[in-house]
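Start from the sequences, fold in the hints, and give me the full structure.
In terms of UniProt numbering, the sequence shown is residues 1 to 114.
No lab work stands behind these hints, which were simulated from the structure alone. It is possible that some hints are incorrect.
[Stated by the list, open to error] Here are the simulated DSBU-like pairs of lysine-lysine, each with C-alpha atoms no more than 35 Å apart in a straight line:
(1) Lys47 x Lys97
(2) Lys111 x Lys47
(3) Lys103 x Lys49
(4) Lys99 x Lys41
(5) Lys47 x Lys36
(6) Lys111 x Lys40
(7) Lys99 x Lys111
(8) Lys86 x Lys49
(9) Lys47 x Lys101
(10) Lys86 x Lys103
(11) Lys97 x Lys86
(12) Lys99 x Lys47
(13) Lys49 x Lys101
(14) Lys86 x Lys40
(15) Lys101 x Lys86
In this text, all values refer to a predicted model and were calculated from it rather than measured experimentally.
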Amino acid sequence: HLYFLFLPYFFFLTFPLYSLAYFALIHTPILYFWNKSIDKKLVFTSKVKWFFVFVFIYNTLFAILALRFSFLFNLFALPFALISLKIFELFSNLYFKNKAKAKLQNNPQLKIIL
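Here it is, written out as structure tokens:
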């Protein structure tokens, strides 16, 4: 479903003044009906929730920059959110790995069964 990614970017670049109407009147209903038609419903895991948090933060930040400088700043929100999510996952995985190592070291009577 790459058209859900590329179509909004293309429309935003070609018609910046009408992009809000496009998202509100066309893109959102398309996404809604697409979600209704799929057999497995979307599951909002913690990773997806964190992604939406990052998208909201970067959309807010880049909307302010877009008002001050150029509307093209809005295009950076999604890539920055994806990069931030990868960094967040890296630190989250390191945290759980260190926590597991500490738990294993605190229990010296473990037996390895092969």
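Hint by hint, which ones does this structure get wrong, listed from lowest number up? Violated: hint 6 alone.
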